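2 protein chains.
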Amino acid sequence: MTERTLIKNLAAATDGPVSVSGWVDTVRDQKKVQFVVLRDESGAVQLVHPRAFAEDGTPAEDALADAISGLAQGTFLTATGELKHDERVKLGGVEIKLEGMDIAAAAIPETPIADDTGVDKRMDWRFLDLRQPKNNLIFRIQTTLEHAWRTYWVENDFIELHTPKLMASASESKAELFEVEYFEGKAYLAQSPQFFKQMAQPAGFGKIFEIGPAFRADPSFTSRHATEFTSVDAEISWIDSHEDVMKLHEELLIAGFQAVKDKHGEEIKALFDLDITVPTAPFPRIPLAEAKQIVAERGYTVPRTDADMDPEGERQIAAYALEKYGSEFVFLTDYASSIRPFYHMRHADDAGLTNSYDLIFNGVEISTGAQREHRVDVLIEQAKDKGLDPEELDFYLDFFRYGVPPHGGFGMGLSRVVMLMLHLPNIREATYLFRGPTRLTP
Amino acid sequence: MTERTLIKNLAAATDGPVSVSGWVDTVRDQKKVQFVVLRDESGAVQLVHPRAFAEDGTPAEDALADAISGLAQGTFLTATGELKHDERVKLGGVEIKLEGMDIAAAAIPETPIADDTGVDKRMDWRFLDLRQPKNNLIFRIQTTLEHAWRTYWVENDFIELHTPKLMASASESKAELFEVEYFEGKAYLAQSPQFFKQMAQPAGFGKIFEIGPAFRADPSFTSRHATEFTSVDAEISWIDSHEDVMKLHEELLIAGFQAVKDKHGEEIKALFDLDITVPTAPFPRIPLAEAKQIVAERGYTVPRTDADMDPEGERQIAAYALEKYGSEFVFLTDYASSIRPFYHMRHADDAGLTNSYDLIFNGVEISTGAQREHRVDVLIEQAKDKGLDPEELDFYLDFFRYGVPPHGGFGMGLSRVVMLMLHLPNIREATYLFRGPTRLTP
Chain A
24 MTERTLIKNL AAATDGPVSV SGWVDTVRDQ KKVQFVVLRD ESGAVQLVHP RAFAEDGTPA
84 EDALADAISG LAQGTFLTAT GELKHDERVK LGGVEIKLEG MDIAAAAIPE TPIADDTGVD
144 KRMDWRFLDL RQPKNNLIFR IQTTLEHAWR TYWVENDFIE LHTPKLMASA SESKAELFEV
204 EYFEGKAYLA QSPQFFKQMA QPAGFGKIFE IGPAFRADPS FTSRHATEFT SVDAEISWID
264 SHEDVMKLHE ELLIAGFQAV KDKHGEEIKA LFDLDITVPT APFPRIPLAE AKQIVAERGY
324 TVPRTDADMD PEGERQIAAY ALEKYGSEFV FLTDYASSIR PFYHMRHADD AGLTNSYDLI
384 FNGVEISTGA QREHRVDVLI EQAKDKGLDP EELDFYLDFF RYGVPPHGGF GMGLSRVVML
444 MLHLPNIREA TYLFRGPTRL TP
Chain B
24 MTERTLIKNL AAATDGPVSV SGWVDTVRDQ KKVQFVVLRD ESGAVQLVHP RAFAEDGTPA
84 EDALADAISG LAQGTFLTAT GELKHDERVK LGGVEIKLEG MDIAAAAIPE TPIADDTGVD
144 KRMDWRFLDL RQPKNNLIFR IQTTLEHAWR TYWVENDFIE LHTPKLMASA SESKAELFEV
204 EYFEGKAYLA QSPQFFKQMA QPAGFGKIFE IGPAFRADPS FTSRHATEFT SVDAEISWID
264 SHEDVMKLHE ELLIAGFQAV KDKHGEEIKA LFDLDITVPT APFPRIPLAE AKQIVAERGY
324 TVPRTDADMD PEGERQIAAY ALEKYGSEFV FLTDYASSIR PFYHMRHADD AGLTNSYDLI
384 FNGVEISTGA QREHRVDVLI EQAKDKGLDP EELDFYLDFF RYGVPPHGGF GMGLSRVVML
444 MLHLPNIREA TYLFRGPTRL TP
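Read top to bottom, the protein sequences are chains A and B. Following the numbering used here, the numbering of the first sequence begins with 24 at its first residue and continues without gaps. Following the numbering used here, the numbering of the second sequence begins with 24 at its first residue and continues without gaps.
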């Protein structure tokens, strides 16, 4: 048996016997000749079969032709035949004159989704939806992005963590918390690895990262929320302020975007009609209060009673950063203590502000970062200030009582980065299997 | 302010002003001179302070000496002083003559655990336990191992998945399933990414990997079980049999062990008194029935009524593989269908056996792999054969109805590999924060 050749490697292969494996994309069943476009994980190729005819011009018996006529879209098969380079063939400049087919699994002929099917039904049939070259590319890009990040981390002596997702209490807020039946008691799903990645600091790990799931029982149905998402986290010791965290964040994003552009730039251009811009440091930094002024001067008043931004405000400040600094990224800094968690460090000279930031990318928040409060007495006061009971936080506060370095870090939503990088309309498109309040399948 | 130098870089630094940051390991508070061993994520260094004396030989006022006397183990601080190379200093051949200390967080003086504290109490204070150089090294090794695996995968065009951990039904068995309150309904925690990594095959992803959490409501308290563990998964298309999966598995383990030996071999020797053996392919393959005979000939009869091995049998066959083949790894193959899940492919000529294997490393099972049954009619029969209702599996069976390639893969427990590589007595030691039936904290 001829060994399988990946379709992307056919152009560089020599003419002659060849074997490819993939699924049927389209069949053109013409009178004199049949064409099958076969697709695999690396590309698509045209298989060709001239029908057999008797000397009088009537169709001859042709089992292969019958088999081709019976092919349903999606059928997986191995095709053997003769590879032939022919520059007239639009699809890659090669075709395979078919000699045999070995069908691995015949598909049901009726395909439940089409090109114009809406996102929700496509999610029902996600495994078919993912056969689209664009969708396949999304996850290759994500793979490259993550690997570039991890390579940066590993080369810079970060330790990788796998923090537990089962917890005895809430990690962020008691709202939006999933409860688990845990033997005779209860457990909760981690809303973030916050407490446990901070734990690595008194443990003396220095610098850590984690890419893993996080869970929020958030009943919203926006284009950017999910009940389960992949959180990209880093935390580092011995920082002077959140500025050190932002620098790390910049270096990571630059390394990731560069890797994506290098590896997939051409394909992204071809399939998404997009040029990936590798950002340059420093990204603009705008204190939140100033950002709100800028947005107001652009004619938009954020309709919130607290000090926070809203999604339209984020779009506006992103537009400003792009116009003024040519940057798709902008850090909004120095959020008010009133809208930040108790563990964010507050300014030494103004307890109303925190050493924190949000990172906005193409108009949407993708990350929150901060210096953490590491002085346990201050931390306890800040928890009380937020109406929290320090006793319930005791296991967390212990991390600070036995010595801890100054530290900070960020959490970032993986699918949001990918969604915004590729200008996708919805986080569902950038998630392998989306989970929302009414979506637990497939 | 002098920039922070990592302690591991002091030996190569020139004598002169230096600043290091870390935590107090030990204080030797002698009459004439004080010594502090300061540890950071990269090593340990001796700080020295000769006490000040008046001309008449009585102790002089000395604020720094008082501060040193007051240092508790675990206090995090930044020390500045003069670096001096001195080959008489056992600890790295350097010391720092202390000039100042900036205390970031003073530790409570009483440390709740000591060197001889039992594992369960050490887990209560895991963040202190992890300060031990051996424990720190365990997670650096794990980082290197994972990165080597991912690098292998990425270089071989695998796509990284993040499959959902929230599911509408069981992925493996209805026993050992954690139930989650999910808005008005119920969800379940994934026991493995099995169904979803298989979904990538009809999706045309070709080759995929995932490292992520898996959850088992298993009430056992052995040295190798956890209710939450990190599962290392791969799945590939167009295999001929489980032999192709085993080949992938071998290549991965070789790449991972080589990377660990290259990067940490000396440290592992120093701290664990172990030489890492990089395995060579092929690992021995022994059909399970034959393995049971071999074990019986060694004088141990597996006391099970089903066809399976037991832990002592695994130790025995591992001892055999080490003696006979010099291999710490051994594949046990061709498990009986009766003890394998419905989705394992069965032998074409003997439905009583499966195209599957377990991988045993240093006497303990670390992984199960198999070729999957991709023919939906056969799959449905095998599900019924196991007493499963195909209707409940409908979303999974759909993956096969619209075309699917032959495929297979494995799942492997990350902490088990690390535990067995380093000869640790318990999986708790190889897990950042262990989760068991009675352990949800910290």
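Simulated from the structure, these hints should not be mistaken for laboratory data. Mixed in with the good hints, there may be bad ones.
A pair counts as met if it fits within one copy or between any two copies, since identical chains are not told apart.
The calculated EDC-like cross-link candidates involving lysine to aspartate or glutamate, where the alpha carbons are at most 16 Å apart (straight line), are [as the list claims (entries may be wrong)]:
1) LYS120 x ASP85
2) LYS107 x ASP241
3) LYS209 x GLU290
4) LYS347 x GLU26
5) LYS113 x GLU346
6) LYS31 x ASP180
7) LYS407 x GLU273
8) LYS120 x ASP38
9) LYS286 x GLU178
10) LYS120 x ASP147
11) LYS55 x GLU84
12) LYS230 x ASP417
13) LYS157 x ASP241
14) LYS270 x ASP125
15) LYS54 x ASP89
16) LYS55 x GLU199
17) LYS286 x ASP180
18) LYS144 x ASP421
19) LYS55 x ASP79
20) LYS409 x ASP329
21) LYS286 x ASP48
22) LYS157 x ASP48
23) LYS157 x GLU105
What you are looking at is a predicted structure, and each value in this text was computed from that prediction instead of being measured.
Practice prompt. If any of the earlier hints don't hold here, list their numbers in rising order.
Written response: Result: hints 2, 3, 4, 5, 7, 10, 12, 13, 14, 16, 21 and 23 break, sorted rising.
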